[in-house]
Each structure stands twice: as structure tokens, then as C-alpha cells.
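**Q** Sequence:
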Amino acid sequence: MSKELAGIKQPAKDATLWRYMNFEKFANILTKESLFFSRADKYDDKFEGYIPESIIVSYKSAGIHIDPNIFRPYVMCNCWHHGDEESMGMWDKYHLRNSGIAIKTTLENLKNSLPDEPNVFLGQIEYIENHNQIEIPENPSIASLVYSPYFYKRTPFEYEHEVRAIIDVEPFLHGDPYEYGKPLKINVKTLIDENSEVIVSPHADKWIASTLELIVERCGYQFPVNPSKLLDPPV
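Residue numbers (the working numbering): 1348 to 1582.
If you're looking for bench data, these hints aren't it; they were derived computationally from the structure.
A quick note: this is a predicted structure, and the numbers were derived from the prediction, not measured.
From the three backbone atoms N, C-alpha and C, an ideal C-beta is built for every residue, glycine too.
Treat the hints with care, since some could be wrong.
To be verified - With a straight-line Cα cutoff of 27 Å, these simulated BS3-like cross-link-like pairs (lysine-lysine) come out: (1) Lys1379 with Lys1440; (2) Lys1356 with Lys1440; (3) Lys1389 with Lys1458; (4) Lys1536 with Lys1553; (5) Lys1458 with Lys1350; (6) Lys1360 with Lys1350; (7) Lys1393 with Lys1529; (8) Lys1350 with Lys1389; (9) Lys1458 with Lys1360.
Unchecked claim - Pair by pair, the computed Cβ-Cβ distance ranges are: (10) Asp1463 with Arg1501: 32 to 38 Å; (11) Glu1485 with Asn1534: 17 to 23 Å; (12) Asn1542 with Pro1580: 22 to 28 Å; (13) His1442 with Glu1560: 21 to 27 Å; (14) Asn1542 with Tyr1390: 29 to 35 Å; (15) Ser1405 with Thr1537: 38 to 44 Å; (16) Glu1517 with His1412: 15 to 21 Å; (17) Ser1401 with Glu1560: 17 to 23 Å; (18) Glu1482 with His1442: 33 to 39 Å; (19) Glu1517 with Ser1446: 33 to 39 Å; (20) Lys1379 with Ser1405: 40 to 46 Å.
Given only the sequences and the hints, what does the whole structure look like? Please build it.
**A** In C-alpha cells form, the structure reads like this:
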């Protein structure tokens, strides 16, 4: 079930979201009916979820004796790009110009596609100059203490325009962390409905589109598969 955290920004319900990925990852979404949530501490940005000592000290002075950093290996995220238009920058970020696929959907579709359990926290990333600008609400819940820092990133990443989903770690704390992350079952037909779109990257080989259409049909889905418009002549 999707939930909101106090103080974390939310896009509009009809906000357009994009998920850029390679062919294999998209095929897994269709065949396994799941989204993969990756361990945040495995991302290239090693300051994901970083909490400066000044904020931990403020926790203690407020009588909150918990170090949220101990949860870092358990926090798992699924990330989306927020924007009305297809982005060449995002194709390039993931080295997908020649073989990539993008899902174009809405925030509401993403929310409604998620299972009832475990809880999933959704929010828009806020970009800050340093981590001392992280804002934790007054009288915070444990969830706010643990997850709020993962909805902040440094300004060099602002081009990502990221919306993030985070799995509630509580059900997983009694075992070892997952090595890379965890797939979460979703309703694919809700995530990619008749108003959504799947787009093939600008320089993709023709076999990718034709193979993708075949997989979509065999899996029983009806959403459109379209070529990128980024190489169309200007109007």
C-alpha cells in the first residue's frame, strides 16, 4: 500500500512518470509482474540517505535515541523520472540510446499498482546543497526518521527530477539484508493502462520493437509500444 510521509513533497496525482530501463528489466516486469526495489546503499551516489551528525545530535537532544543509519542496508528504492516529455538525458544516463525501453505512466497508476503489503512510501525528491538542510518534522514517527533522508539528494542530481518509492523495511529487519534488492509484486495492467505508453529508445534496432510487441501480446497486455519521437524532424 502506498503511503505518504509528513513533510515529504508529493507530485500531482496525474503527474507523468517515466521509468527508463534495458530490455531484460522490462521483460521481467511483464513476465514476473514485479518491480525491482534496489538497495539504496548500492547506488553510485554514496550519500543516498546520508544523515549528518548534527541531525543525529538533534534527535538525541529531543529524546530520540535512534541512529537511522543502522537501517541503511535494508532501505530499498524504485526510482522514476518526473516530466511531461521524453528525456534524451535519461536515455544517456543509463546508456540506453541503442537498446532501452521507457514506461510512461502516472503517479496515480503507480500508487494503485502496488500491493497492500508491505507499505511503500512515495514522494518527490527535494534537491539540497548539503545534508544539514534535511527537514525532519516535529514529533516524527519512526518511519519519518528512517525514510525522510532518502527523499533528499544533492543539487548535482537535480536533472533527474526523481520520484521515489521506498519499501517499508520493518518486515525485513529480522533477517540479513537482501544482496542487491527485492522484487515486489505489482498489478502491471494498472501500472501500464490503456492511457499509458511504452517507448523504445531513439537508436534501438528494429528487432527490439518487434520482439517487445510479441512479448506484450503473449503476456496478455494491450498497451501501445511506440518508437521514440526524439529523432523526428522539428515541426
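**Q** For every hint, state whether the structure bears it out.
**A** Now the hints, each set against the structure:
{"no.": "1", "hint": "Lys1379 with Lys1440", "in the structure": "holds (26 Å)"}
{"no.": "2", "hint": "Lys1356 with Lys1440", "in the structure": "holds (24 Å)"}
{"no.": "3", "hint": "Lys1389 with Lys1458", "in the structure": "holds (25 Å)"}
{"no.": "4", "hint": "Lys1536 with Lys1553", "in the structure": "holds (25 Å)"}
{"no.": "5", "hint": "Lys1458 with Lys1350", "in the structure": "holds (9 Å)"}
{"no.": "6", "hint": "Lys1360 with Lys1350", "in the structure": "holds (13 Å)"}
{"no.": "7", "hint": "Lys1393 with Lys1529", "in the structure": "holds (20 Å)"}
{"no.": "8", "hint": "Lys1350 with Lys1389", "in the structure": "holds (24 Å)"}
{"no.": "9", "hint": "Lys1458 with Lys1360", "in the structure": "holds (9 Å)"}
{"no.": "10", "hint": "Asp1463 with Arg1501: 32 to 38 Å", "in the structure": "holds (34 Å)"}
{"no.": "11", "hint": "Glu1485 with Asn1534: 17 to 23 Å", "in the structure": "violated (36 Å)"}
{"no.": "12", "hint": "Asn1542 with Pro1580: 22 to 28 Å", "in the structure": "holds (27 Å)"}
{"no.": "13", "hint": "His1442 with Glu1560: 21 to 27 Å", "in the structure": "holds (23 Å)"}
{"no.": "14", "hint": "Asn1542 with Tyr1390: 29 to 35 Å", "in the structure": "holds (31 Å)"}
{"no.": "15", "hint": "Ser1405 with Thr1537: 38 to 44 Å", "in the structure": "holds (40 Å)"}
{"no.": "16", "hint": "Glu1517 with His1412: 15 to 21 Å", "in the structure": "holds (18 Å)"}
{"no.": "17", "hint": "Ser1401 with Glu1560: 17 to 23 Å", "in the structure": "violated (53 Å)"}
{"no.": "18", "hint": "Glu1482 with His1442: 33 to 39 Å", "in the structure": "holds (34 Å)"}
{"no.": "19", "hint": "Glu1517 with Ser1446: 33 to 39 Å", "in the structure": "holds (37 Å)"}
{"no.": "20", "hint": "Lys1379 with Ser1405: 40 to 46 Å", "in the structure": "holds (42 Å)"}
Violated hints, listed in ascending order, are 11, 17; each of the other numbered hints is respected by the structure.
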